[in-house]
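As given, the protein sequences belong to chains F and E, one line each in that order. Position 199 of the first sequence, counting from 1, maps to 199 under full-length UniProt numbering, and the rest follow consecutively. Position 48 of the second sequence, counting from 1, maps to 48 under full-length UniProt numbering, and the rest follow consecutively.
Keep in mind the hints are simulated off the structure, nothing from the lab. It is possible that part of the hints are untrue.
[Stated by the list, open to error] Estimated spans, in silico, between C-beta atoms of each pair:
(1) E/61 x F/54: 24 to 34 Å
(2) F/103 x E/178: 27 to 37 Å
(3) E/161 x F/449: 48 to 58 Å
[What the hints assert, rightly or not] If the Cβ cut is set under 7 Å, some of the chain F residues that face chain E in the computed set are:
(4) 254
(5) 470
(6) 472
Built from N, CA and C at the ideal position, the CB exists for glycine as well.
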Amino acid sequence: MTTTQPAPTGQVVPLVEVTIDGVRTEVPKGTLVIRAAEDIGIAIPRFCDHPLLKPAGACRQCLVEVATPDREGTLRTMPKPQASCTLEVSPGMVVSTQLTSEVADKAQHGVMEFLLINHPLDCPICDKGGECPLQNQAMAHGRATTRFVDVKRTYPKPLAISTQILLDRERCILCQRCTRFSDEIAGDPFIELQMRGARQQIGTFDSGVLGFAGDAPVGAAELDDSGRPFASYFSGNTIQICPVGALTSAAYRFRARPFDLVSVPSIAEHDACGAAIRIDHRRGVVLRRLAGDDPAVNEEWISDKDRFAFRWQVAADRLVAPLVRDGEDGSGPLVETSWADALDVAATLLAQRRGSLAALPGGRGTLEDALAWSAFTRVVLGTNDVDFRSRAYGGAEEADHLAARVAGSGLDVTYADLDGADVLLAGLEPEEEAATIFLRLRKGVLAARTHVTVLGPYLTRGSAKLRATLLPAAPGTEAEVLEATDTFGASDGDRPRIVLVGERLAAAPGGLTAAAALAERTGARLAWVPRRAGDRAAVEAGLLPILLPGGRPVADESARAEVAAAWGVTPPAAPGRDLAGILDALRAGELAGVVVGGVELEDLPDPAAALAALEAVRAAGGVVVSLEVRRSAITELADVVLPVAPPAEKAGTFLTWEGRPRAFAAVFDTAALGDAAVLGLLAEEIGTPLPDASMPAWRGQRVAAARLDAPAPPEPGPGQAVLATWRLLLDAGRGQDDEPHLAGTARRAVALMAESTARGLGLQGAAEVTVRGPRGSVTLPLVLAGVVDGVVWLPFSPRERAGAAALGAQSGDIVEVTA
Amino acid sequence: MTDTLTPVLSDIWDADRSWTLATYREHGGYRALARARELAPADLVELVKASGLRGRGGAGFPTGLKWSFLPPPDGGPRYLVVNADESEPGTCKDVPVMLANPHVLIEGVAITSAAIGCEHAFIYLRGEVVHVYRRLLAAVREAEEAGLLQGLRITVHAGAGAYICGEETALLDSLEGRRGQPRLKPPFPAVAGLYARPTVVNNVESIASVPGIVLGGAEWFTGLGTPKSAGHGLFSLSGHVRRPGQYEAPLGITLRELLELAGGIREGHRLKFWTPGGSSTPILTDAHLDIPLDYEGVAGAGSMLGTRALQIFDETVSVVRAVSRWIDFYKHESCGKCTPCREGTYWLQQVMHRLEEGRGTPEDIRTLEDVAGNILGRSFCALGDAAATPVQSGLEHFREEFEAGCHTPARDLFPYEASALATAGTASARGGREVTA
Ligand SMILES: Cc1cc2nc3c(=O)[nH]c(=O)nc-3n(C[C@H](O)[C@H](O)[C@H](O)COP(=O)(O)O)c2cc1C
Ligand code: SF4
Ligand code: SF4
Ligand code: FES
């Protein structure tokens, strides 16, 4: 926990002198007594207090005796002990805590006793036992025996808050941290106080309790997969801040005792936010993940995906040994082999084809991995045919944008900057795609320091929680709308302006160009927010056909010279092929092989075409070498599969969207090797050792940013609509496999469109719609919403049903819609 | 003896259809409003300050001073919220005022609104008194139709039945449509009250006293009562008195005088204990018959003037039983926000019931004392303090009855039938007059 109140940046806060337990100290005006005490090492017991939540003064555990000088300067003791978590310091205040005041000590003992009279004595079977603030407090300050001989309050247990969170109400001390979190931080009213007095309890929306018989409080679009209203992507934080074992995780409940766990600080791998986490493991098994405390990044909060989705790393389809093709001609089935054999086979196959090979390294790796891929491609494969963008894709415009404005730009826009700015989001739904950004924006918005404008086809629930202004844009018209926008925000330029472009904007031709132009017009800073943890590192490492490490343009001779000096090998001078080019060349037989790393076919703009390209190269006698953690669709197409370590089994550094390095250590010391180590071995085997690739950022001329004009907007004909889609935080992504409890809290899959669109398509009253694309169709419940006319929105890849991914169409493509 | 009565708010309660605008006007109603409209807002505030009017909702905070705490107008809305939640056991003054003479409140609201620059006032009414709700709605309509409000909007809101919603900040939350639980202060309502705007919260009787002050002047008002407790107040006598009801008298009157007005303790009985200001004020005994019923006098006797709800108990009443019922009430009404009140009342109730049944232990009495001490002054709001009060004052004055609870049921010591109020032959008098409401 942070020890001092966050002071608004930039302001000089006057100091106030106070005395606590005889110790004089100076703290900024506005500091709460409990923090001022903490600063000088005096811990006042507390339960409801939390430094990131507004003071509540509910538990009364933190009572202290307080005296303040009156007008004549005579100290006057306040008649009642005061809650130190709600009281701000004032000049000359004299505070006596439990350490020096009998009144405070007695008051605290009294409250402790009250909290325990209705608390069950089930510490031995409670998940929190061993790390429980109430237990610790009771041991330190409680009575040895109870004098409560009466009847305790009991409840049926547990109450399922969601498929993921369980509540044992009799353990709850009603500190309201959880409800305050859901209200003040997440903005999801999934739990609330109900009833009053001794029957007050935390509850979910319960039509029985609330007398809503029959009325749904929210529409179908806001239900989770288990059918509950008001699901939250951040609910797991309540478990962590609950000072007792009232809130527990269905996945972790009864699995372990805290004192048997070993904790390792780490960084979440699911997005580009770099949230600090803590990984708790026992005997080689990760049992849970918690939020780490990093004020500069995620404060003390993480998304449920970061918290609960970790079993993918040890899924049953995890690759443990290298695979090669059986049989002399290499056409047999994949069989396990030794590392020596696999490296030998791969080295031979690749060495034979040097000069007509490419690399598709994916975007989930660490900076170290990315740099190794970059060096491996240039030095070992001898090509610039490399592209990390195995996802929604923006070709040359995006590559130029990344090379010109992102690579080597260091730490520019940060989380802290988002709190206190007018922010425009384009191609980015932070709640779904960058949860830590969402929380930081919301913090600024609630404090009236930040205003958010979102460019998109409708105001999502996440945007509504950011009180965002919608800049409506059908997919494909993003560039046009941005071009027509003169200004944004609510402060007339008093606050700094920031444009955050999500990686999805790249898929809208001209979008990045228009966003950059808008930023220039409005004096805004521009930052790029990818979805995957490795994308920013990939850009820095130069995993693009036009880019070398540190933002160095391939086409720049002195840039190549710098790289040559660092590597001892000169990189090829000719710019390479990008993702589309590589796939085309593979299909056409212009390339004889490819090294693939962690690419999910489904992520690619056209999975079927990519599949065909890989099949074609093999059929033509080419080679596919794949580096993977788990078996995937690519595995089946590979000649050699080299297993690589998941994040828990390697050390490394993620780069956040900001460009902030987030180093983490291995949780487990296993035989698994990271991409960098595997590529290093492979390079040795080929006989071209990988250079140590670290080099400073490029100071020379950058790639000139491309200019792409807004294309003509898509025009759907009768029976058609423009497809809008993006990934939701919780969906069929493989990073969430094997987490059934988490899966139940995903948003229920629905198709959204405006009433006018539905009418135009003859869908009045239809409960479901079928959307057809070039490669398939999906049928989902239809929900009418304020979507831009002519657009149908589908989730990209929900777990329970097929989504837009099954259509073979992208955002902005025209699809057929029928009842 | 009737000289001691000073009917101001209760003046027209015996008039025909006293609650109508016509009757009120016949008796000079709304003249004060006309006069107030000639005064500058600041002068109105000064006038009420000078009158020494103190809040009639229990705490006795100077009303004019409270109004003067509002920040200077900033163009945004400012609200007056009248606290008409009256739920304190024994307190029964605001409801009779609003029932018999709602217009005096409406006139007070209009004057106060003018004084503080409020264009939308609220009356938060205890929801159970539906008949009062109707009268208030009718009175607002009448005043509006008669053009008396001049654009002032008055919203009458019926609460949903919670004592805590009488606490001013819980009231504001409830009025905003939230869960009725007290707010953290600061910010005080004067700075950020209803919808986070500057707000004055005053009791019904406080506001209803304002027209009289405007007409009679500050000096007339300070001429009543005692130096620090100026003016008239409604004293509600209930329990074992011959003529229970509301007696409007200057502050500083004694219980002895009030009992004389009320015809004394019921026939053949004598005073045992009483509350000066509702169940939240420590009980007093027959030793306190002559203390002046003003803020200082009652405080000097170790209790509080509170809402001047005098619940009178004669010698047939078991203190343990009375305290036990009060604790039932507080346990039921605790809002649950803070630990001492929520858990403490839960515990006290079980111990009190045991004592009442004669199954207590000496340890129970020590526990009771300690638990009450751990609630008092440790809770978030005054409801918790109030819950500790009957236990502590009961123990102080009648400890032996609690000790008897270790072996003998209260019913055996004080047969409950003996305490029952006679149902016939007890004339009901309100303010000593007939009421036709
Ligand atoms: C539990 C509780 C209940 C209260 N109930 C009432 C009430 O019903 N009516 C009232 O006027 N004040 C009530 N109060 C006092 C109010 O909080 C507030 O002090 C009062 O309305 C201010 O008005 P006044 O200054 O005119 O007295 C209550 C206070 C507490 C703590
Ligand atoms: S569930 Fe936990 S966090 Fe929530 S109120 Fe109860 S004790 Fe506090
Ligand atoms: S004392 Fe605490 S629990 Fe009791 S009513 Fe006040 S805030 Fe609620
Ligand atoms: S920590 Fe201060 S009241 Fe709960």
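Which numbered hints are broken by the structure, listed smallest first?
Of the numbered hints given earlier, those the structure breaks are 3, 4, 5, 6, listed in rising order.
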